[in-house]
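Keeping their order, the protein sequence lines are chains W and X. The first sequence: position 304 = 493 (our numbering), numbered continuously. The second sequence: position 51 = 71 (our numbering), numbered continuously.
Calculated from the structure, these hints are not laboratory results. Be aware that a few hints might be false.
Claimed, not checked - The list that follows gives simulated cross-link-like pairs (lysine to aspartate or glutamate, EDC-like), each with its CA atoms no further than 20 Å apart:
| hint | chain 1 | residue 1 | chain 2 | residue 2 |
| --- | --- | --- | --- | --- |
| 1 | W | Lys253 | X | Glu54 |
| 2 | W | Lys238 | X | Glu54 |
| 3 | X | Lys93 | W | Asp218 |
| 4 | X | Lys62 | W | Glu942 |
Because the structure is a prediction, the values reported are computed rather than measured.
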Amino acid sequence: MKAPIHRNNESPLPPRWAQRLLIWYCRADLLEDLQGDLNEYFERNLKTKGLKRARLIYVIDVLKFFRLYTVRKPEFLNLLVHWLMIGSYLKTSRRSLVRNKLFSAINIIGLAVSMSVGLLVIAFLTDLLSYDDFHEKKDRMYRILTKNEIIDQPEMNFASTSIKAGNRIRETIPGIEAMTLLRKEFQGDARIDEKTIIPIAATWADQSFFKVFTFPIIKGDPSTALRDPYSLVLTEKTAKKLFGEADALGKTVRFDTLNYTVTGVVKDIPKLSHIQFEALVSFASILGQKADADGDLLSWKSIYSNYVYLVLPENANQQAIQANLDKLSAAENAGIQNRKITLSLQPLGEIALGAHYVNEIGASVPIPVVWILAGLAFVVILSACFNYTNLSIARSMRRSREVGIRKIVGALKGHVLGQFVAESVIISLLALLFSLGIFLVLRTQFLALAPQLDNLVSLDLSPQIILYFLALAVVVGIAAGFVPALFFSRIQAIQVLKDASSLKMFRHISLRKALIVIQYTFSLIFITATLIGYSQYRGFISFDLGFTTENILNIRMQGNKSELLRKELAEIPEVSDISQSMMITSLGSLNGSSMKYKNPQDSAGVWLNMVDARHLPLHRHKFIAGTNFRTRPVNGTETEVIVNEQVLKRFNIANRNPTKALGEMVTMDGKKLTIVGVLKDFHYGTMENKIEPMVFRYYTGDNGGYLNVKIKSTNLPTTVASIDNAWRKIDKIHPLDAKFYDDQIEEAYKQFEVMVKVIGFITFLAICIASMGLFGMVVFTTETKLKEISIRKVLGASEGRLIFLLSKGFLLLLVIATLIALPTTYLFFDKVVLAKFAYHQPIGLAELVTSVLVVMVIAFLLIGSQTLKAARSNPATVLKSE
Amino acid sequence: MKGTNLGEFEELVLLTIAALISDAYSVAICDELEKHTGRAAKLGVVHAVLNRLEEKGLVKSKLGESTSERGGKRKRYYEVTHTGKVALIKAKDVRESLWRIIPGFNLEGSI
């Protein structure tokens, strides 16, 4: 702070803020006078009344001077004037829209189309962000995550945890307001009487469930509803399905052989809830019926099907809870070998939209997906904004006179800026109307892409979303209009009116060229990405897995005796072979087990499928050595195992010699098994998974898993119909669940297909928008160069020469875009995206060349048609008007 | 608009300006007013009145020379305009004519 020169540095000053206040509000022409008066008084008071009083008086006087006549015309008045001007802006905007129909159409359509994608992303994000919002304690709710590290295996993160973890947390960790334990997969047929048998997807939940979650209970007491064994809480919809209009409370529902009593009815679960269920079964019932049969249920390692949710008190110390969880994990890990399990807290708000964990209980969208979508929308919108900017500046010559006159009449820089920004905002609001229509169409298309999407979000319009849409339109309008507005506001009025051509519009040519290059670079990247994605997707679904999947119908047994169905199917002539397996491989689900060879200390994870004797021949698995199962286990005593090459490699069995490995013994689940066959490696996971050790064991179960039915038929629908008939004979309740293996493989890559479709669609839009922009630029350029062309023509230039002259500038831009786009895309896919997949196709030259060709052809057509038109124009008519 | 009618305080201020001749600036006017009327004239009020008088065209103002007093800020000097003089004389006349018609006994002895 510098004291004024004339003053003695030591003499005190009036309060700074009061001085500033005065400067802020006071009219400039009165300021000096008032300041002087106040200073004089201050000096005077300083001597007579002391510093404090003097300062106080100064402040009071500053406040007292705040009068109507001293105050400068406030800013809001300027705003008001601006608002009044909007009427005039509207008028000029409308005029300029109507006068330049082509450019207006390009701008409005481009903005509308691109914004509709933006709207989709906004609606999608808004839905995802409002997941689970209805829980009253949402901000304080957490889920327990489990990190699982097994020696020799990659670390995995689970959304699920063990029952033991839940119990230990409840017993040992203080400072938790409420905790509840859920367990998934209570699936069963609810029986009311002999006729009413309805399959219901229920979840196990313990008695604190309603202390944690806010699912309003309509009937029953939330604090006791899930307390007793064999209690059942239904949703309204389920209650209606089972009991109609009758009161469900107190009624009995039978699952298998056990009776459950309905102790509560809750409101239907909102769509935007990551937990979905039709009924809740009291957790207390599990211990009675399952603990004995499955000794693993309460172990620390059984982390695959249970979920723990916590509510922490307000202002709870999360770190302290986490420290306690670490302590607990460490204590429990001491009791197990070769494995480390760690618990951590995950806020509820990060479940629906967040990192993806194994065994999610419900909806979860990984953040990168959202980033990709938002990024694509952003690029497309940006591209449309570029068009606007480009075309506006290109037309500047025509509008500069208008601006000149406005300026002469008294418009300031800010006014002109305001006018053009207002104009672009008006245009983008107009575009919003169209894009809202497109959005409504897109929405249904988007949701229909995959059933998962339809279950995930609703994309409904709410006032909040409409507000976001408006905000988007305004932002887009400002973004699109700002550069041209800035350009126009700098126009020198006199210069323009004297000689419009003196305008230095060509200074902006490099900007416009850069914008076109960026647009085309993105278009090329998009189209290449789509092509690469599509070829990878085709590659995945037609990949040679190492066994055949052709004409194999997989039927889920749904608990029925497989022998019964086999008998029925055997009578259908088109069924040529039947086998059974516990699971279907190559669809992404994996079933692990552990194996030991000679060294009892060395146990390693292997993947496992249980199959019958027909399975391997039916799927034409290739044996490198040995044979299929030779004996059928009697009384559940298995003796044989068939392994793949990786197993030999992992345990170094017989020095990896397949033939010598036959007859070697391995241990699994405490059973000694002899290797009877070695299979050539094949893909049992998706393309993201590397081929790892995998074994087949003999399937002894009779009422689970799948039947694999080989079909030899020319008329598939009839065959499937007769299979359906056969199914009905053995199961009247459940509909047949049968899918062709090839279809299932396609389904396993569904999300990939969805992504390719979405990106493909956006690519299409991006190219359209870029093409429209290019078209506009070409039209403009040829129009402005029409005279030059005519003169050249008169002087004898050929048409071809003229076309070359006009188009070479644009073609150069496209070439630059290509040079940027192709290497970028190639590197990105090669090093980042495809590196994630253990097995993928190499990126073909075809994809790269095709994309360039497509873009070039479109661009050539656009440029060619316009330049040809110009080249063919009659010089006489063009030059006459001059 | 109030027209050219002079308010009581306006008249006092205007008279003060006239009395101070070439030294009529806000603070001086305040001091002078205080001296003669005995009532505390607030700077803000005086300022407002000066502004109003100027709007009515009864005074005109100009900024003085820069001095080292007042934190280097110049003083704004006020001067009664012709209209102002006319207004003052008119006001005086009104009063005098009213005085003249008051009967001699009416005020005598009552004070």
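Here is how each hint holds up against the structure:
1. Lys253(W) x Glu54(X): Roughly 19 Å separates the two Cα atoms, so the pair holds.
2. Lys238(W) x Glu54(X): holds, 18 Å
3. Lys93(X) x Asp218(W): holds, 12 Å
4. Lys62(X) x Glu942(W): Given pair Lys62(X), Glu942(W) is violated - Cα atoms ~82 Å apart, limit 20 Å.
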